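Got two chains here, each in a separate frame; can you build the complex from them with the hints?
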Amino acid sequence: MNPVIINQLEKIVSPSGILTTIEDRAVYSYDSTFLEGMPQVVVLPQSTGQVAEIVKIAARERIPIITRGMGSGLAGGSVPVQGGIVLCTTRMDRILEFDQKNATILVQSGVVTADLQNHVAKSGFYYPPDPSSVRHSTIGGNIACNAGGPHCLKYGVTGDYVLGLTAVMADGEILKTGTKVIKDVAGYDLKSLLTGSEGTLAIITEALLKVIAGRKFVETALVEFSSLDDAGQAVYEILHAGLLPSTIELMDQTALECIEKAMKIGLPTGVAAVLIIETDGVDQEATRREMESVASVCRQFSGANITIAIDDTQREHLWKARRSVSPSLGRLAPNKLGEDISVPRDTIPEAVRRIRQISAKNGLPIVIYGHAGDGNLHPNILFDKRDPVQMATVDQMVAEIFEVALDLGGSITGEHGVGILKKPFLHKALGDVSINLQKRIKNAFDPLNILNPGKIFSDDI
Amino acid sequence: MTESILNLIPSEEQYLNCVRCGLCLAVCPTYQLYKNEADSPRGRVALARKNLQEELALNQILMARLDGCLLCLACDEICPVGIKPAQLAMQMRAITESRRPAAWKKTVFRKIVAKPKNMAMLTLPLKVYEKFGLRSFAQRVRLNRLLPQRIRDLEYSLPPRFSTHTSKKLPVFSPARTQKKYEVGFFLGCAQDLLFRETSAATIRVLNHNDCDVTTPRNVVCCGMPADGHGLHDLALEHARQNIAVFEEKNYDFIVTDCATCGSKLRGYAIMLKDDPQWQQRAENFSSKVRDISEFLLSIPLKKPSGEIHASITYHDPCHLRRGQNVWQQPRELLKFIPGIELQEMEEAGTCCGSGGSHLISHYPTSSAILEKKVEDILKTGATMVASGCPGCQMQLNAGLRRKGLAIQVTHPIVLLDQAYRLPEELHK
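Read top to bottom, the protein sequences are chains A and B. Counting in this note's numbering, the first sequence runs from 178 upward without gaps. Counting in this note's numbering, the second sequence runs from 148 upward without gaps.
Chain B on its own, in the form it takes in the complex (with noise of 0.2 Å):
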């Protein structure tokens, strides 16, 4: 349990050298919201600090306020003299839950997050509630009004006909169409795969169309960022070790991934195994291959789509593409790619949906109020459609725009390629 406490104390320099001059402020969701220093990234650096310096307690006031970050890194992105606090804010979960393990935490995380079938089984319920009709007749007689906002919010962002979407197993090999020019190895992502396989077959599709060999290995497990998000960083190395073994079986070209979160994640193995020997060099392997969807096709030669997608798009910016993976150029170049479709840029795009991972269900009325921010600027610019490689900002901005009974569809850039590749295909048959 307590096998990396040491590398989770934050170094001085990640504190100390905050000179606190605030420019992290106007750039925090939860900050904006609430206008209090305690909500915000400086704050935030304050407290760890003054704990780390033994003059305030690892109580649970002092940790409210650093669960209270999204993680959405727009602080650690803007800051000056390089203090992480969205980092920090992790870290001192780490060092909590080291010291105080939660028992809710096991249960969740390393019963049921670490093990897909655990995982399966849990969503089965809720393929029941679709598969049956209950959902539909629930939404037809507007059953959902008995239940209290926040639980209809969850209701909301399951993502429409996700049983059907998720009925069929993805192939574990998947040859290039015509021929083979990279081997790809890709990395199945938990909501990608319980909630989101679609959007997972799609990108399987648009690779084999651009001459990629695709594997999608069966034996691995979670990214690991829900652990590390709740302070279990020892079982994120778990993950990170066994993901790492896993797509050694193979001499891929590349790693590639659909999931924004996952994405953030496996680049980040190099850093969080830069310490331990025996996996550093393997970790800095794996992780040099990784790259998201959007950025991989677009660093090859691309293969027109022939279809038209007609449709007036905008385009979210996920935190751990933006700012996790500096990557916001390219799914911007894959929507323009499609024929027939027309990018309109929603203001402050790279600003935060309010998803934090399970903030809807933890932080309620944060995730919510700015969740509504997010819609406003959607409704602005006019698109019938939103776009977003990351299936926790896909959920959350179903739930935010069903909740106010807009038809605005939610989707995946790499959907829409996948169907303009299709268009021809279906239209021929």
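Chain A extracted, bound-state conformation (with noise of 0.2 Å):
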């Protein structure tokens, strides 16, 4: 890069700020995919006006600008493909403003996610989306992917929370969208516009979230099931009994041998699925006679087999298994490709089976979990991305599954976002009108196409 525009950038983020080598800026060549792509620099401002100053050097010079947080992204939203300037954001990490009378809290964008329920719950309220990277991913990165969790089924996504936006547009002008109120309907809806934009239309740089009181009791239990048709068959059951968990996530067997190669904690590998459930509340006996009826539901199948986790440590250990799912694929292939459809709840176990003989008829291994409360689930191909034949399967069995989402009526994406890896399939999923509205959008907010080109649409507008 002209190491004028490096001198100017330097001078705005000082020396420590910046990348230059080609070692500095290989490792944010990548995010939690398989892809790379080399930035020509990268920038760590700490501040809203540094990213100001910064966003203006691009415009000038026409050069893309990728936004970054901790890099955990899943479909590829952060790899700077085009090369450009990596601005990551994790030095952004101050919380500014934490107001309980009205539970709210102000930060920056690159707060880590359970920083920031750690810190609200301290004083005794709850953040209650999780990501399963919810130690290594940003808020900034979370809302800008709209990222769910297992908590979502009960609680909402993040974009549940966002009530206001602090961010800097495609020419550096600062928008601040949104207040503190939860009714508040003057003009169009940016901070939602924003939320799940994965870096395309502005650079976010402070959010204002809302917080609600925490939950006080908890109780989990794993559930076994002989069959996936009965572990379905139980989510629909549940919910359709008035009852709400918190969480209801789904693991196959594929899943559940998986872990305990590389845990050894203990699962059970034999069963055909489980359902890690839990309920939760601020009075514990509510709390405890709500999973009493959970189980009570589940018992109705046979062969269902319930454990009730007694304290903490037990609880932590079955969250550690379900968030270990996607990285301890990385023991059994080399490259992994996590996929995030989403399907109505009730064709779960069709949407299961119908991936399985994608696996079995391209002859590549497919990990099934996710959130079967929401219908979110997560296939995992694995493969090895050396063998140029297993790539091209990959393709296929992707838009295969892609088929099967959309033709059960659901998703091609339920929180990971479009990023890369799903342009090519998102004019299937939306539509002509859709299509052509949102690239409007994107050129009203980036008419040079600088932020994050060549993400989300497959063709560059």
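Some hints here could point you the wrong way.
Below, computed lysine to aspartate or glutamate pairings styled on DMTMM-like, alpha-carbon distance capped at 25 Å [what the hints assert, rightly or not]:
| hint | chain 1 | residue 1 | chain 2 | residue 2 |
| --- | --- | --- | --- | --- |
| 1 | A | Lys562 | A | Glu577 |
| 2 | A | Lys438 | B | Glu523 |
| 3 | B | Lys231 | A | Asp489 |
| 4 | B | Lys527 | A | Asp270 |
| 5 | B | Lys197 | A | Asp276 |
| 6 | A | Lys438 | B | Glu224 |
| 7 | B | Lys197 | A | Asp561 |
| 8 | A | Lys441 | B | Glu160 |
| 9 | B | Lys231 | A | Glu437 |
| 10 | B | Lys231 | A | Glu213 |
| 11 | B | Lys527 | A | Glu213 |
| 12 | A | Lys299 | B | Glu492 |
| 13 | A | Lys562 | B | Glu202 |
| 14 | A | Lys562 | B | Glu201 |
| 15 | A | Lys441 | B | Asp423 |
| 16 | B | Lys231 | A | Asp561 |
| 17 | B | Lys520 | A | Asp292 |
| 18 | A | Lys441 | B | Asp524 |
| 19 | A | Lys438 | B | Glu160 |
| 20 | B | Lys520 | A | Asp270 |
| 21 | B | Lys197 | A | Glu437 |
| 22 | A | Lys497 | B | Glu492 |
| 23 | A | Lys299 | B | Glu202 |
| 24 | A | Lys299 | B | Glu523 |
| 25 | A | Lys562 | B | Glu159 |
| 26 | A | Lys497 | B | Asp223 |
| 27 | A | Lys562 | B | Glu160 |
| 28 | B | Lys483 | A | Asp270 |
| 29 | A | Lys497 | B | Glu572 |
| 30 | A | Lys299 | B | Glu159 |
| 31 | A | Lys441 | B | Glu201 |
| 32 | A | Lys299 | B | Glu519 |
Per the computed footprint, the stretches of chain B lying under chain A, defined by three or more beta-carbons under 8 Å from a beta-carbon of chain A, are [what the hints assert, rightly or not]:
| hint | region |
| --- | --- |
| 33 | 155-166 |
| 34 | 175-184 |
| 35 | 187-195 |
| 36 | 201-214 |
| 37 | 360-372 |
No wet-lab data here; the hints were simulated from the structure. In this text, all values refer to a predicted model and were calculated from it rather than measured experimentally. Glycine included, C-beta positions come from ideal geometry on N, C-alpha and C.
Structure follows, in structure tokens:
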């Protein structure tokens, strides 16, 4: 990159906030997928003002600018495939204001989500969205992808907690949108438009978030089923009975065997599927009773075996297992592609069956787990990207998995985002009208196409 | 020099299967400090991979990133795939060293660390400095204010009164006090011998008190951790073979050490020599007998001390004990076993103190900042003493506490148990 521009960037972020060597840039070439792209320079700003100055230079010089937090994305959304400036927000990690009376918190976008949760928990508050990457992803990244997580069934997704945003626009102007109030219909809901926009519309630098009163009691159960249909039916019966567990997580046999192989924590491996179900609340007796009701629904299915965690250690044990499914797949193959389809929840058993057929037909293993309560499934294809034949097969399998999702009336991505990996399928999922409108929105926000170009939409605008 | 270079090259599954999930970023002390991917385990694995796949050269910039790893093993422990970024960083150092040996490393590790007599010579000026009152004089008139902070910190890291504590040699053989039940070989580490000998004297007394005949062989050499940490894997293997041979001279039930780092290295001899047909069995036999002192004591019927120590104590987990040997309950049990002691857990007791062996010298700003956080955690407990079974951690904690003018005492858990045993006897006298 032109040394004059490097110099100007260095003046903004100081020498310690800019990385130019090939070695330092190389570690910003990836996210949690197998994709790579080399940035020309990496900047680590510490304030909205610095971000605005950087964007002004990028706009003047027509350089792509790719915003990135901790790089835990699963769709390639922050991979700098067109080079350019990687803007890493991890040093924007200050909590600016915690307003307990109004239950809101204002943070910089580089705050780690788990740190935010711990911060509010000290005062008895709760920030529920909990992607598996909660300890190694930033709130900015969570908002840019509208991250979900296991507890979304009861509590909703990241976007449900965004009250306001500060964002740097493509020309360097600073946008402030949203307020501390719950009700606010003045003008278009720009915060919701930016939520899930994957860094293509503006750069989120600060977030005003809603927090809620902390849950005091939690019951966690592991339920084994002898068939996938039973597990799917149980999910339906639980919700139909008017029960609202905070989470219902599904792991099929392939996932269980994989975690057990990696972690040896005594999970059942000979069963068709397990559900991890959690109830929570502010009243111990009510929480316990809700779990009992859940258990009695599950008992209607023959062969269902229920284990309830007796303490926090056991509970943490179960969650550690669930959170480690995705990474532990690395033990089985050099590469994995984690898909993220959503299907109407009554079609989960059918979706799982069809995905297994895809695996059998194409000869590459697929491990299936996900959020059964909301129909969000993560089929993971295992492969070796050095083998071109396998790569072609993977492409074919991905297309077939998306076909299943759309055919069953669902979505190609529930919580990971489109990024690069799902670009080719977005048109089919959304249709002409929606795609054209979205491209016009992109153009209105970023006429020079410098903000994370080449993401979401399959061809450049 | 290149006896084992082929063994050094990491195998594909050591780096290729990293799925880049980022879990390790959450536990890495250097990432937490700098929030820069290049200072993270995932970043280091990526750099190693790109070098091994011949995309990037093994140059100084790349190695600086791999040298930045404290080897605290937090990433090795958390990785669900089984990638060991810290281990990988160490192997990459060995590759660099085998290709471009650094002259200073040869001098330091082959001529000094490898030779106990030379190590002793090296600490002589320090002893003179303390023994003839220079140290207390310098402290009294606060002469050290004239020194740069990093040199001051090193001075602070020296244990108090180490010259008197190392004046008496430890006996080669020391019998059980009453009846012998266990034949113990005691591995006396370099740092223990040169700076914390009184701690090891306490270890031997406690062992004797608990029915152990203790032999402390004189002809041992360094455990090999410093050499391996700096990429001199061949030298570490030489050390391993010599130490194994030394402990074959007698049929010990157990080989005990009171140094966390030595313990984790000695246990690792079996893996280091697994491909050496002549040594594989001998190394396995050796490593299977190695126990940390707290681990060993908790595995035998330990005698209850009748003396009481009234103190509020917090415990810092040495990386090489907690993650290196999975020993973290026993030291706590040991402390709680002593009448009068109140154990106050600090937050993140298992997080590295920043010592990393010699990072206070080689990576001062990083080491110092990580230490600062540890000192804050210690302070929050309100404890008057901090215990940790590792000379490296003890020195680091000394530096962190004393540079702030804090009077919190740093000690090894075994020293307290020894005191509790001896108190009634001393009263009797």
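- Query: Which of the numbered hints are not met once you compare them with the structure shown?
  - Reply: 2, 3, 5, 11, 15, 18, 21, 23, 28, 29, 30, 31 and 37
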